[in-house]
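For chain A, the structure is supplied; the task is to place chains B, C and D on it using the hints.
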Amino acid sequence: MLGNWLYIGIFALVALLMPAITILIAGFLSPKRPDPIKNSTYECGVETVGPNWTQIKIQYYVFALVFLIFDVEAILLFPWAVAYQFLPLYAILEGALFLLILAVGFLYAWRKGALEWF
Amino acid sequence: MNGLQLVFLLAALVSLFSAVMVVSARRMMHAALWLVLTLMGVAVIFVTLQSSFFAVVQVLVYVGAIAILIIFSVMLTRRVMEDQGDQVLPGWRAAALVAVLLFAVIVGFLALWQGFSAMLVELPSDADNLLELGKALVSPQGYVLPFELASVLLVAALIGAITIAVDLKEDQRG
Amino acid sequence: MIPLAWYLIFSAALFCIGLFGALARKNAVAILMGVELMLNAVNVNLIAFWHYYAQARSAPYVHGLAFTTMVFVVAAGEVAVGLALVISAYRRRQTAVMDELTLLKG
Amino acid sequence: MDFLRDPIGFVIQWYVGWLGELGLPSSWVDVMAKLTGALVLATGAMLFVVFLIWYERKLIGRIQDRFGPNRVGPWGLLQPVADMLKIFTKEYITPIGADKITYNLAPILAVAAVLLLWSVLPLSVTVVGSDLNVGLLFLIAIGGLGEMSYILAGWGSNNKYALLGAFRLVAQLISYEVPLVLSALIPVMLAGTLSVTGIVQAQQGVWFIVAAPAAALIFFIASIAEIGRSPFDLIEAESELVAGYNIEYSGLKFGMFFVAEFLHAFTVSLIFATVFLGGWQGPGAEEIPVLGFVYLMVKTFVVYFVTVLFRGTLPRFRIDQMMNLNWKVLTPLSLALIIAMAIVGGVTRELPVFWQVIGFLLVNLLLLWAADHLMRLAQRRKTKINLAMQTGSGVLTTSTKHGTGE
Chain A
0 MLGNWLYIGI FALVALLMPA ITILIAGFLS PKRPDPIKNS TYECGVETVG
50 PNWTQIKIQY YVFALVFLIF DVEAILLFPW AVAYQFLPLY AILEGALFLL
100 ILAVGFLYAW RKGALEWF
Chain B
0 MNGLQLVFLL AALVSLFSAV MVVSARRMMH AALWLVLTLM GVAVIFVTLQ
50 SSFFAVVQVL VYVGAIAILI IFSVMLTRRV MEDQGDQVLP GWRAAALVAV
100 LLFAVIVGFL ALWQGFSAML VELPSDADNL LELGKALVSP QGYVLPFELA
150 SVLLVAALIG AITIAVDLKE DQRG
Chain C
0 MIPLAWYLIF SAALFCIGLF GALARKNAVA ILMGVELMLN AVNVNLIAFW
50 HYYAQARSAP YVHGLAFTTM VFVVAAGEVA VGLALVISAY RRRQTAVMDE
100 LTLLKG
Chain D
0 MDFLRDPIGF VIQWYVGWLG ELGLPSSWVD VMAKLTGALV LATGAMLFVV
50 FLIWYERKLI GRIQDRFGPN RVGPWGLLQP VADMLKIFTK EYITPIGADK
100 ITYNLAPILA VAAVLLLWSV LPLSVTVVGS DLNVGLLFLI AIGGLGEMSY
150 ILAGWGSNNK YALLGAFRLV AQLISYEVPL VLSALIPVML AGTLSVTGIV
200 QAQQGVWFIV AAPAAALIFF IASIAEIGRS PFDLIEAESE LVAGYNIEYS
250 GLKFGMFFVA EFLHAFTVSL IFATVFLGGW QGPGAEEIPV LGFVYLMVKT
300 FVVYFVTVLF RGTLPRFRID QMMNLNWKVL TPLSLALIIA MAIVGGVTRE
350 LPVFWQVIGF LLVNLLLLWA ADHLMRLAQR RKTKINLAMQ TGSGVLTTST
400 KHGTGE
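Protein chains in written order, with numbering that gives the first Met the number 0: chain A, 0 to 117; chain B, 0 to 173; chain C, 0 to 105; chain D, 0 to 405.
Honestly, I wouldn't trust all of these hints.
[To be verified] Listed next, the in silico DSS-like pairs over lysine-lysine satisfying Cα-Cα at most 30 Å (straight line):
hint	chain 1	residue 1	chain 2	residue 2
1	D	LYS99	D	LYS57
2	D	LYS327	A	LYS111
3	A	LYS56	C	LYS25
4	D	LYS89	A	LYS111
5	D	LYS89	D	LYS57
6	D	LYS89	D	LYS99
7	D	LYS85	A	LYS37
8	D	LYS99	D	LYS85
9	A	LYS56	D	LYS327
10	D	LYS381	A	LYS56
11	A	LYS111	D	LYS381
12	A	LYS31	D	LYS89
13	D	LYS57	A	LYS37
14	A	LYS31	D	LYS383
15	D	LYS383	C	LYS25
16	A	LYS56	D	LYS89
[Stated by the list, open to error] Now the stretches of chain B that chain C is said to cover, found in silico as 3 or more residues with beta-carbon under 8 Å:
hint	segment
17	25 to 31
18	45 to 52
19	62 to 75
[Claimed, not checked] Selected chain A positions facing chain B (in silico; Cβ < 7 Å):
hint	residue
20	TRP4
21	PRO33
22	ASP34
23	TYR60
24	ALA90
25	ALA102
26	LEU106
27	GLU115
I should point out that these hints are in silico values taken from the structure, not numbers from a laboratory.
Beta carbons: idealized from backbone N, C-alpha and C, even for Gly.
Bound conformation, chain A alone (with noise of 0.2 Å):
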């Protein structure tokens, strides 16, 4: 089990080094001529106005929200799912039951118009 993670421990501490020593090795073989312009912030050419203070719309959390919801829905459901050819009928609709109410509040939000992308 443990062997397992050790492989996946390798595996991304590799996944990280390799790309970072690539950009690394670029950054010897390419040139380095900074100036001003160069280095400003890409805004069409046009100086930039303010610090990147920006705003986003409230819709991009209530996406946020409900998928939170739904992925903590599936953490309950997997378990479920693995265990469902071991389960008899009832514990089967029970998991169905869990399904619904989530549906119900889904069906709210949709109700709601908290899923239009304004």
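Chains B, C and D only, in chain A's frame:
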């Protein structure tokens, strides 16, 4: 000291350090990004406890969803002056004292418990645990009530949060 | 393998850092981050004790895992509603600093 | 003969044996073998991108009635190599006020998140990176980790457009992760395990795309959206969004996002082939493992071909259409699908496998038909409202709920 202990210590140090950065960073965005690192460290600690399922769920739910939600909220509640100036209340010293005292009390009490010095040995395999967890979650002798209540709780959270967030928009428009 | 004590000390430290964050930070989102740290510490504790009790038995032992699942659910609900409140307060009063949200002081 | 039947496994065994003979302690041998495996697989995947770029450009060229790259090397095969050499010597331009750490971490994390997916995928019977018991969940979770790199890039660049592009992209990705996660539940239900190897083995008789075509379709569409390609390529809609989160990147740092995108497209095809098309399963794959690898690659390239075909032929979605497709079609459909399949599976449990599969298939097709029908109805209603609004005759005009926002 063996390799596993080394991994644990590294993960614990990284996550504790970044947890300190979460509570002390001036810019909220940096605090949120440090929080991601803390959560990843905790995921590694779940791996050393041989709970693959929760290690992955930690990444999926905390890093993939909760951290993103927090980052979105940071972006939604920015004010130009917000990131300058003190980010802690005047009474932060008292809070620090409380935290340190609590830590001392917890560790002190735990040290009295005879299981404190126990060693954790490697479990045979945790493949079956997932299966057993799935059975327990829907069995009437197990956790079927919390399982269904979790669904209700999630729906309540969904409806509550959407009501708060979306109604407001209508207020502003009208 | 690793002593149980390490996990308990780690989770106590994480909990106390989170507590400090929840008590001392001005920004409401930061307070919620502190709460998330505390919940994570709870999870580490639950899984550590699950391992401690599972290794002593031969039959599968899942109570700690079921509890942890529920903590995940509660954490998700808490952060969803909490952040919605913060955003709502921010949009009404243009601030996310807790000290300035003094509507109830009258 | 062993070598011919399973060259990769043979080399691995020989290498591990050779390490053991060097007299290292066994734990070091283990670590060394794993390190080598990871290095070879990761390097191979990175170099494979060169070929993928050629393949895709050639294919897109043919679709658009062009030749595609055909100057450098035979059939233009060396074109991506030339491009790579060029991008290696390009200057890094770091914008003023960039958050250095996050800015530089983002391209690395983008590639790492994709590469890490390869660590749990079984390539043949004997070549299994890591048989994790939560493999499928791991794939989804690491896919989600990639989102973090876009946020890092958008935030680190200190540019309004980059930030907006990043958040738009992340909103898209997290939305499409919902049907992805939900439809991934169905193979888990059918296989009874989360391990990717277990899922492949469970498809010995019937591929899951036969038993659950609707789930496969949802998974496929959500996967294409996850890699952010056409028709979901709103992130790099150059004419509208100044290229999104990667606008401030140059040189190889930009190239890394590019590599990540191409590799992700292929990896997603690989995941789809593994989860729904039986992975390395095929006649004779058990006895001759190298055949399994060939089968897997053929299946993956078929899926990849379809994604490129999508890219070459479909116009881009508008963002509200894209969100509607996700929230109003795919998510409810996958919810209904899970409930229906769970109940059908529970009822037909006593029947032989054949009838069970027929039952699953019927439920899937029924739901697909119902979804199609409902979509048509909704479309018709919308057209009616639009017509009524244009002529200004109907009472329906009062129902203009779709405001312009704040």
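Hint-by-hint comparison with the structure:
1. LYS99(D) / LYS57(D): 37 Å, violated
2. LYS327(D) / LYS111(A): With a Cα-Cα distance of about 13 Å, the restraint between LYS327(D) and LYS111(A) holds, given a limit of 30 Å.
3. LYS56(A) / LYS25(C): Satisfied, since the Cα-Cα distance of roughly 24 Å is no more than 30 Å.
4. LYS89(D) / LYS111(A): 50 Å, violated
5. LYS89(D) / LYS57(D): 25 Å, holds
6. LYS89(D) / LYS99(D): The hint holds at about 19 Å.
7. LYS85(D) / LYS37(A): 20 Å, holds
8. LYS99(D) / LYS85(D): With Cα atoms ~25 Å apart, LYS99(D) and LYS85(D) stay inside 30 Å; holds.
9. LYS56(A) / LYS327(D): 20 Å, holds
10. LYS381(D) / LYS56(A): 26 Å, holds
11. LYS111(A) / LYS381(D): 18 Å, holds
12. LYS31(A) / LYS89(D): 9 Å, holds
13. LYS57(D) / LYS37(A): 34 Å, violated
14. LYS31(A) / LYS383(D): 61 Å, violated
15. LYS383(D) / LYS25(C): 53 Å, violated
16. LYS56(A) / LYS89(D): Answer violated: LYS56(A) to LYS89(D) is near 36 Å, above 30 Å.
17. 25 to 31: holds (count 3)
18. 45 to 52: holds (count 6)
19. 62 to 75: holds (count 7)
20. TRP4: Holds: closest Cβ of chain B sits about 5 Å from TRP4(A), inside 7 Å.
21. PRO33: 25 Å, violated
22. ASP34: 28 Å, violated
23. TYR60: 5 Å, holds
24. ALA90: With a minimum Cβ separation of about 4 Å from chain B (threshold 7 Å), the hint on ALA90(A) holds.
25. ALA102: Not OK, violated: ALA102(A) not within 7 Å of chain B, min 9 Å.
26. LEU106: 10 Å, violated
27. GLU115: Violated: closest Cβ of chain B sits about 10 Å from GLU115(A), beyond 7 Å.
Checked against the numbered hints above, the structure breaks hints 1, 4, 13, 14, 15, 16, 21, 22, 25, 26 and 27 and satisfies the rest.
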